[in-house]
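Asker: Going by this note's numbering, the first residue of the sequence shown is number 1, and it counts up by one from there.
Just so you know, these hints were derived from the structure itself, not from any lab. Predicted model, so just to flag it, every value in this text is computed and none were measured. Don't take every hint at face value.
[Said to hold, decoys possible] Cβ pair distances, simulated, as ranges:
hint, residue 1, residue 2, range
1, PHE41, GLU81, 15 to 23 Å
2, VAL101, PRO59, 54 to 62 Å
3, ARG118, LEU61, 44 to 52 Å
All C-beta atoms in this analysis are idealised placements derived from N, C-alpha and C, irrespective of residue type, glycine included.
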Amino acid sequence: MSTPGRTSGLPAAEDAAAEPRHIRSEATRLLCAGVWFDSEFRRRVIEQLVEHEERPIAPSLGIDALPVLAHALRARWLEVETAAALLALWAVFIGLGLAGVGAQSVLPAPWFLAYGPRPSPSSAPG
Numbered sequence: 001m002s003t004p005g006r007t008s009g010l011p012a013a014e015d016a017a018a019e020p021r022h023i024r025s026e027a028t029r030l031l032c033a034g035v036w037f038d039s040e041f042r043r044r045v046i047e048q049l050v051e052h053e054e055r056p057i058a059p060s061l062g063i064d065a066l067p068v069l070a071h072a073l074r075a076r077w078l079e080v081e082t083a084a085a086l087l088a089l090w091a092v093f094i095g096l097g098l099a100g101v102g103a104q105s106v107l108p109a110p111w112f113l114a115y116g117p118r119p120s121p122s123s124a125p126g
């Protein structure tokens, strides 16, 4: 007797045991985190799993490569978005500088308030 939605005729305990243990392993979790922190590792994961179409991917013992690859691709996409946003911001500031905006306007005021002259430590009340 089989339950609807189940693919095998195994009981629930045996069906759960048939699922590979590495899908939610500690190693998979740490590799997923690693692609966010190390751009060289991220680049190599994407290179090895995506860019070499001429060779098949070897089975990964103890880890699930699919979530690691998904995290690597997402991290790379966010890195590209951040770089594009910073490039646009630089372009705006360079354009404003070339146009002369900010030199005699109120734009330097926040910089002066943040980094302007400060009282010397010897004249501070003590």
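Asker: CB of PHE41 to CB of GLU81, is that within 15 to 23 Å?
Answerer: 20 Å, holds
Asker: Cβ-Cβ distance between VAL101 and PRO59: within 54 to 62 Å?
Answerer: 59 Å, holds
Asker: At the C-beta level, are ARG118 and LEU61 separated by a distance inside 44 to 52 Å?
Answerer: The hint (44 to 52 Å, Cβ to Cβ) is violated, given that ARG118 and LEU61 are roughly 60 Å apart.
Against the hints set out earlier in the document, a violation occurs for number 3 only.
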